[in-house]
Amino acid sequence: MFDILVSMFSYSYGIRAIVVGILVALCASLLGVSLILKKYAMVGDGLSHVGFGSLAIATALNVAPLEVSLPIMIVVAFILLKISENSKIKGDSAIALISTSALAIGVVVISVTSGMNIDVYNYMFGSILAISQSDMILCIILSVIVITLFILFYNRIFAVTFDENSAKAMGVRTNYYNMLIAILTAVTIVIGMKLMGALLISGLLIFPALSSMRVFKKFKSVVISSAIISIACVFIGIYLSFAFNNLATGACIVCVNLVVFFVCWLVAFIKQKVELNKRKKQVVLENKQE
Amino acid sequence: MSLINCKNLTVAYEGKTVLSNLNFEIEKGWRVFVIGENGSGKTTLMQTMLGLKKPLEGKIIYGDGLKHNDIGYLPQQREIKKDFPASVYEVVLSGRLNKCGLFYTKKDKQAALESMAKLDILDLKNNSFKDLSGGQQQRVLLARALCATNKILMLDEPLTGLDSKTSAYLSSLLLDLNTKHEITLIIISHNFESTMNLSTHILHLNDNQVFFGTTKDYKKTTYYKLMGGK
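Chains S and D supply the protein sequences, listed in that same order. Counting in the numbering used here, the first sequence runs from 1 upward without gaps. Counting in the numbering used here, the second sequence runs from 1 upward without gaps.
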C-alpha cells in the first residue's frame, strides 16, 4: 500500500489530482451543508448535468472546457435559483427539465462530433489523468475564493440557512446570499468536474454533509467534520483509482463516501440505542427509589 | 411620536389584497394582540410591518427612534426547521446579525448570554436545537428575537402548539419582558383567553380593520361576544 502511495506522488498528475481533490472536497463539503438544509440538493445535481453539456460543447468547439463552463454555469445557477423561488413552476421539476435537456444536448453534440470516446467517459465519471497544470492553477485560485467567501459570510449563511424570513427581517439581504451559495456551488462543480466527473460530482456535495449530520448536532461541528470526512474520502478514492489502474475516480470517491455514510448512520443508530437504554435504567432506578 | 404608525395601509399576499385601509398607531410599552380568523392576513400584516413584504398602498412610519433592525421577530413555528443541526447558542447568537459586522464581537456574545438568561435557558446553551421540546425551542427562538432588540418584539403565534403549563410559563415570561424591560409586544394569537388576559390593546382583522383600541374597550363590543367572551 505504501509503495502505491509513493508511486502516486512520484507522478505529477497524481500530485495534481490530490491537490485539486482536496480543494474541491473542502469547497463542496462547506457548501453541501447549506445546500442540504436549504433543500437545494437538486440545484447542485442539476448544475452538474449542465456542466456536462457545456463541457461537451466546449470540446466540440475545441476551446478550453473549464474556462468556457464557468460563466455558463454561473448564469445557469442564477436561473435555477430564480426558477426554484418562483412558485408557479415547481422548482424540482424545472430543475429536472433543465438538467436532462443539458445532458441530452451534450450527448447529441458529442455523437455528432467526436463520438463517445475515452475523454467523454472521463468527463462523465472522472479521472485522475485528466487534470492539466492550468486546470490545477484555476482550481487553486477559485477554491481560495470560494473558501474565503464562505468564511467571511459564515454567520450570514448560517442565518439564511436556518430561517430565511427572520434573517431578512434583520436586514440580511437573503437574495444575495442565496445567490452567493448557488454561484459558489457552480464554481465548485466546474473545478471538480474533471476529477469527479459531471455525473458524480453532486455526490461530493451531498454525502459528506449528510454523513456528518448523522453524528454531529451543532452547525459548526457539522461543517468542520464534513470537511474532514470529505477530504479523507477524496484521498482514499484517488488512491483506489490509482491503485486499480485509473478506475473512474468520481465513482471511487462516491463509493468511499457511501461506506462512510453507512458507518456514520450505524454510529448514530447505536448511540441512540445506548441513550435509550440509559434513560430506561434511570427511570427504573428512580422508580425503585420512590 | 408613536413607535409604529400605519397609515391607509393595504397589504397583499402573492399579489392579492388581503387587508386594506388599515390605520393604527402603536405606542411604546403596549402589548398589542392581533386577532382574526385563519387567512385574515395577520401574518402578512406582520411581515409587511417587518419590511419582508412591500405594502401595496399606504405607509408604515417608524417613530420614537425605532429603526428597521431594532425589531425582534419570532416567525410561525412551521417556518422553522425543527431538525436543524445547531446548538442553542448558535441559534440565539444569530439574532445579533443586525448589529454586527461580518463576525460576532464580545458584546454580541454577551448579549446572547443575557437574553438566554432572561428566558432561563442558559443551561441548554450547548444542547442541540433539534433535541429540544417544542416549548424549549420556542424559548430559544424568543431569546434569538430578544437578542435583536431592546425595544419591540413581533411574535407570530408564540403559544400555539404548546401544552397549557408551558404556554402559561411563556406568557409570564412575555409579561415580564414587557413590564420589567419595557419591550413593546405585538403578538398574533389564536388563543382568545390568553389574549384577553395579556393584552393592553387589540387589533381585530377581517378583510379590513374591524377593531383597534384598548382591551377594555374591546370587551364592550359585540365582536367580543361573538368571539366567545363573557
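Hint data in this document are derived by calculation from the structure and do not stem from the laboratory. Backbone N, C-alpha and C define an ideal beta-carbon position, used for all residues, glycine too. Please note: incorrect hints may appear among the correct ones.
[Said to hold, decoys possible] Per the computed footprint, the stretches of chain D lying under chain S, defined by three or more beta-carbons under 8 angstroms from a beta-carbon of chain S, are:
(1) 40 to 54
(2) 85 to 91
[Claimed, not checked] When the alpha-carbon atoms are kept at most 30 angstroms apart in a straight line, the in silico DSSO-like pairs for lysine-lysine are as follows:
(3) D/99 <-> S/280
(4) D/82 <-> S/39
(5) S/38 <-> D/81
(6) S/271 <-> D/81
(7) S/82 <-> D/16
(8) S/217 <-> D/82
(9) D/82 <-> S/82
(10) D/82 <-> D/59
(11) D/180 <-> S/38
(12) D/180 <-> S/82
(13) D/118 <-> D/67
(14) D/219 <-> S/271
(15) D/151 <-> D/82
(16) D/165 <-> D/7
(17) D/109 <-> S/38
(18) D/99 <-> S/273
(19) D/54 <-> D/118
(20) D/81 <-> D/16
(21) D/16 <-> S/218
(22) D/220 <-> S/220
(23) S/280 <-> S/218
(24) S/218 <-> D/106
(25) S/39 <-> D/180
(26) D/81 <-> D/53
(27) D/67 <-> D/16
(28) D/151 <-> D/99
(29) S/217 <-> D/7
(30) S/217 <-> D/180
**Message:** Does residue 271 of chain S sit within 30 angstroms of residue 219 of chain D, going by the straight-line distance between their CA atoms?
**Reply:** It is violated: about 55 angstroms lies between the C-alpha atoms, which goes past 30 angstroms.
**Item:** Pairwise hint evaluation, residue 106 of chain D against residue 218 of chain S, where the allowed Cα distance is 30 angstroms at most
**Value:** Status holds; Cα separation ~21 angstroms.
**Hint consistency between residue 82 of chain D and residue 82 of chain S [alpha-carbon to alpha-carbon, up to 30 angstroms]** = Status holds; Cα separation ~26 angstroms.
**Item:** Hint consistency between residue 180 of chain D and residue 82 of chain S [alpha-carbon to alpha-carbon, up to 30 angstroms]
**Value:** The hint is violated at about 45 angstroms.
**Asked** Hey, residue 220 of chain D versus residue 220 of chain S, does the alpha-carbon distance stay inside 30 angstroms?
**Response** violated (54 angstroms)
**Message:** Holds or violated: residue 271 of chain S and residue 81 of chain D, Cα atoms, limit 30 angstroms.
**Reply:** holds (23 angstroms)
**Asked** Within a Cα-Cα threshold of 30 angstroms, do residue 217 of chain S and residue 180 of chain D meet the stated pairing?
**Response** violated (35 angstroms)
**Prompt:** Does residue 280 of chain S lie within 30 angstroms of residue 99 of chain D when you go C-alpha to C-alpha?
**Reply:** violated (45 angstroms)
**Prompt:** Given the hint that residue 16 of chain D pairs with residue 218 of chain S, does the C-alpha gap stay at or below 30 angstroms?
**Reply:** violated (40 angstroms)
**Message:** Between the alpha carbons of residue 109 of chain D and residue 38 of chain S, is the straight-line distance 30 angstroms or under?
**Reply:** holds (26 angstroms)
**Message:** For a C-alpha distance cap of 30 angstroms, please report whether residue 151 of chain D and residue 99 of chain D respect it.
**Reply:** Satisfied, since the Cα-Cα distance of roughly 14 angstroms is no more than 30 angstroms.
**Request:** Please work out if residue 82 of chain D and residue 39 of chain S have their alpha carbons no farther apart than 30 angstroms.
**Result:** Status holds; Cα separation ~14 angstroms.
When each numbered hint is compared with the structure, violations occur for hints 3, 10, 11, 12, 14, 16, 18, 19, 21, 22, 25, 29, 30.
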